[in-house]
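Residue numbers (the working numbering), protein chains in the order written: chain S, 1 to 527; chain F, 1 to 177.
No lab work stands behind these hints, which were simulated from the structure alone. Mixed in with the good hints, there may be bad ones.
[Unchecked claim] Some chain S residues flagged as far from chain F (calculated, every beta-carbon gap over 12 Å): (1) Lys-21; (2) Leu-37; (3) Gly-90; (4) Gln-121; (5) Asp-125; (6) Phe-161; (7) Gly-193; (8) Glu-370; (9) Pro-397; (10) Asp-402; (11) Arg-412; (12) Glu-429; (13) Arg-438; (14) Val-447; (15) Ala-456.
[Unchecked claim] Below, a list of computed lysine-lysine pairs in the DSSO-like style, where the Cα atoms sit at most 30 Å apart: (16) Lys-150/S <-> Lys-106/F; (17) Lys-7/F <-> Lys-343/S; (18) Lys-34/S <-> Lys-143/S; (19) Lys-128/F <-> Lys-150/S; (20) Lys-143/S <-> Lys-128/F; (21) Lys-6/F <-> Lys-343/S.
The C-beta atom is built at its ideal place from N, Cα and C for all residues, glycine as well.
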Amino acid sequence: MTERSSPAQQIQSAFPDLIAKYPSDRLVQYRVDKSRLPELARFLHEKLRGRLAVLFAVDCRPLAEKYEIQYLFASGSDQRWVLLTIELVGQDRLFTSITPSVHAAQWYEREIRDLFGLIPQGHPDLRRLVRHEHWPKGTHPLKKDFLWDKTIGWQQGEYRFRHIEGEGVFEVPVGPIHAGIIEPGHFRFSVAGEPIMQLEVRHFWKHRGIEKLFEQQTLTTAIPLAERVSGDTTIGHSLAYCQAVETLLHIEVPRRARYLRSFLLELERLHNHLGDVGAICNDTAYTLAHAHCSRMKEQLMQLNDRLTGSRFLRGTMAIGGVRKDALAIQRSETIDVLDRIEKDFSELESIIFANASLTDRLETTGVLTERTAWDHGAVGVVGRASGIDHDIRRDRPFAAYDEVPVKVILYRYGDVRARLRVRMDEIHESIRLIREIRQKIPQGPIVAAADHLPQAGDWALSAVEGWRGEILYFVMAGENGLIHRCKVRDPSFVNWPAIQWAVVGNIVPDFPLINKSFNLSYAGNDL
Amino acid sequence: MFRILKKSLKTGVVTGQYPEAGETSERLPPEAHEKAMPFRQSLTIREVDTGSCNACEMEMNALANPVYDIERFGIHIAASPRHADALVVTGPVTVNMEHPLKDVYKQTPDPKLVIALGDCAINCGVFKGSYAVTGPVDRHIPVDVRISGCPPRPSEILRALEKLREGEKGQPNLAGR
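Excised from the complex, chain S in its bound form:
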């Protein structure tokens, strides 16, 4: 087989007049005219198998009188991101939708319309997404002339759900407040008898204006906010944010700090995965496994508390490194607890899979096919259970993962069982990683200082494989050290639309089980 040329070379040969820019060695950027973008996006997606990782807009005022829209693609064959940038200059508010050819763009483009008032022409579904119908017309909070603390008025309006009509077809509304202790979101099922014909997810009840709140912070003070984007992913989000700022400030993070970051990220993955394994079993009414898992999870949360003073590992990240040298304080205790939990969990695994009635509920339930997962750009646990071989820790290593390589867990069936298996195997893998980190961790400083100030308009991109999947941050510096724009992309945002397809044909009582096996964040999605 001849060596495949890199995506950058292929783009160059197909579009010879484009000029490539290399803002960093991991990124190639093309500034294109907005009329050519759909063609280029389609080429990237279809010919080069590029996954749309994030799509967002930036209001460049007051630096320049224009909007920029950024399309970030990840291509499987190359470690480099491809970033396409278009500009809407002056009073121009229109851009061409790429949703007809790149399905994954659907929510992003609706989000841009809601938050910036820019209209994606040709988008098949222009209902509101983030702004619920009661927000007055013309409320576009991420525009620079919208005050961050403005009080939003109230207008009459009703969201129009997609209806299926016919004899024996009825609708089941669920939420926004659910029966369990979970976050608010609305699900509208169309069912004929038990099987689900269609599910429509209506979210953004928890929209707190996080991206606007970031713009009120300076680069160095925004970590507490990043930690609270999605509380269960404290480390994932704060690490992704810190990495982006470190790129802006030209900070080289010390090796020891990078190891500690990997350690904390794996600790977070462990307690969340353990909780999920138990919760999935609980939703099949197998409460024994749930009790054991939540007991182990509690042990880990208490360990977190002893190591860092926070059960959610809060306050550990710092720009340039980490704040607390967790591993040095009680190193042997950590390993003792993890050894016990691994043994404990292995025993539980064999009990779980010896239970035929449980595995019967899990198998072939909530199948997300590889094709559907790919079309949505599904990431993380959900993607890896459907055969999408993608893990930032291996593909674009950050923290210490270049020196402590990860074995990526991959399953193909895309059912609840596959998602459960991915989590179980990742629990073992995380424990193995923590052991390896402990062996290899070097001595040295844990935080580095900045000696560079970014110009207004400088930007950086960072990616972290949190326990749910790929977390992306785009941070643009503004005047006086403030943040001009911070785009947060939690993995839940791409996986939520995919769940609508995984439930089709399943019975309504299986929905909680399928939802739990995805276990997506509402807070991280709604922002």
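Since the structure of chain S is already known, use the hints to place chain F on it.
Coordinates of chain F only, in the frame set by chain S:
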């Protein structure tokens, strides 16, 4: 079957294996004790998230695990506000959740308690001032008890609930261990 029994015997009783919450000087308002009187032996909670970061939810869920086992104090978690004695509200109230919250409050039968859980529910925390946040919980519905922390540890939530039901003069807790 044998494996399951062996596992249970090996694990033993884990209830109560958690560090006690540190003492705080926070005192509950006397009216709250008064209102909690009918629920001294049994309290049913409905949790409502109005925009939290979901850490408070995780800690509420932790209360039900075998280590804290909140049911041993006669505290249950209900699936519907119509079955609840107390609403536990977490997070700042977002513009989109303002109406659902008021709705839930109306649906909860009297007498009822409202507990604001976590800093965000008490003062909006890091989300204070945002265009999408309408204010803390007590701007919309009357709040009886406030449990601070970001998020409060399960042991701290437990202690607050116990204190609430102890009665004003520190009478022994009828639902005690």
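Each hint tested on the structure:
At roughly 35 Å from the closest C-beta of chain F, the C-beta of Lys-21/S stays outside 12 Å, upholding its exclusion from the interface. Listed as a non-interface residue, Leu-37/S keeps its Cβ farther than 12 Å from every Cβ of chain F; the least gap is roughly 30 Å. No beta-carbon of chain F is positioned within 12 Å of the beta-carbon of Gly-90/S; the least distance is around 26 Å. Gln-121/S, annotated as away from the interface, keeps every beta carbon of chain F farther than 12 Å; the closest lies near 27 Å.
Consistency note on Asp-125/S: stated as away from chain F, and its beta-carbon is indeed over 12 Å from all of that chain's, at 20 Å minimum. In this structure Phe-161/S is separated from chain F by more than 12 Å, as the shortest Cβ-Cβ distance comes to about 16 Å. Residue placement check: Gly-193/S keeps its beta carbon more than 12 Å from all beta carbons of chain F (closest about 24 Å). The Cβ of Glu-370/S sits about 29 Å from the closest Cβ of chain F, beyond the 12 Å cut-off, so the non-interface label holds.
Here Pro-397/S stays apart from chain F, with its beta-carbon at least about 28 Å from theirs, past the 12 Å limit. For Asp-402/S, the condition that its CB be more than 12 Å from all CB atoms of chain F holds, with the nearest at approximately 31 Å. Non-interface status of Arg-412/S relative to chain F is upheld: no Cβ of that chain comes within 12 Å, the nearest being about 29 Å off. The beta carbon of Glu-429/S sits about 23 Å from the closest Cβ of chain F, which is more than 12 Å, so the claim that it is off the interface holds.
For Arg-438/S, the shortest C-beta to C-beta distance to chain F comes to about 25 Å, beyond the 12 Å cut-off, and the non-interface label holds. The beta carbon of Val-447/S is kept farther than 12 Å from every beta carbon of chain F, the shortest such distance being approximately 23 Å. Every Cβ of chain F is farther than 12 Å from the Cβ of Ala-456/S; the closest lies at roughly 24 Å, confirming the non-interface assignment. Only pairs whose Cα atoms come within 30 Å are accepted, and Lys-150/S paired with Lys-106/F is accepted, the gap being roughly 28 Å.
Restraint check for Lys-7/F and Lys-343/S: the C-alpha separation of about 11 Å stays at or below 30 Å, so the hint holds. In summary, the hint linking Lys-34/S to Lys-143/S is supported, as the alpha carbons are separated by about 20 Å, within the 30 Å threshold. Straight-line distance between C-alpha atoms of Lys-128/F and Lys-150/S comes to about 12 Å, which keeps the hinted pair within the 30 Å bound. Restraint check for Lys-143/S and Lys-128/F: satisfied, since their Cα atoms lie roughly 20 Å apart, inside the 30 Å limit.
Simply put, Lys-6/F and Lys-343/S have alpha-carbon atoms about 14 Å apart, close enough for the 30 Å limit, and the pair holds.
When each numbered hint is compared with the structure, no violation occurs for any of them.
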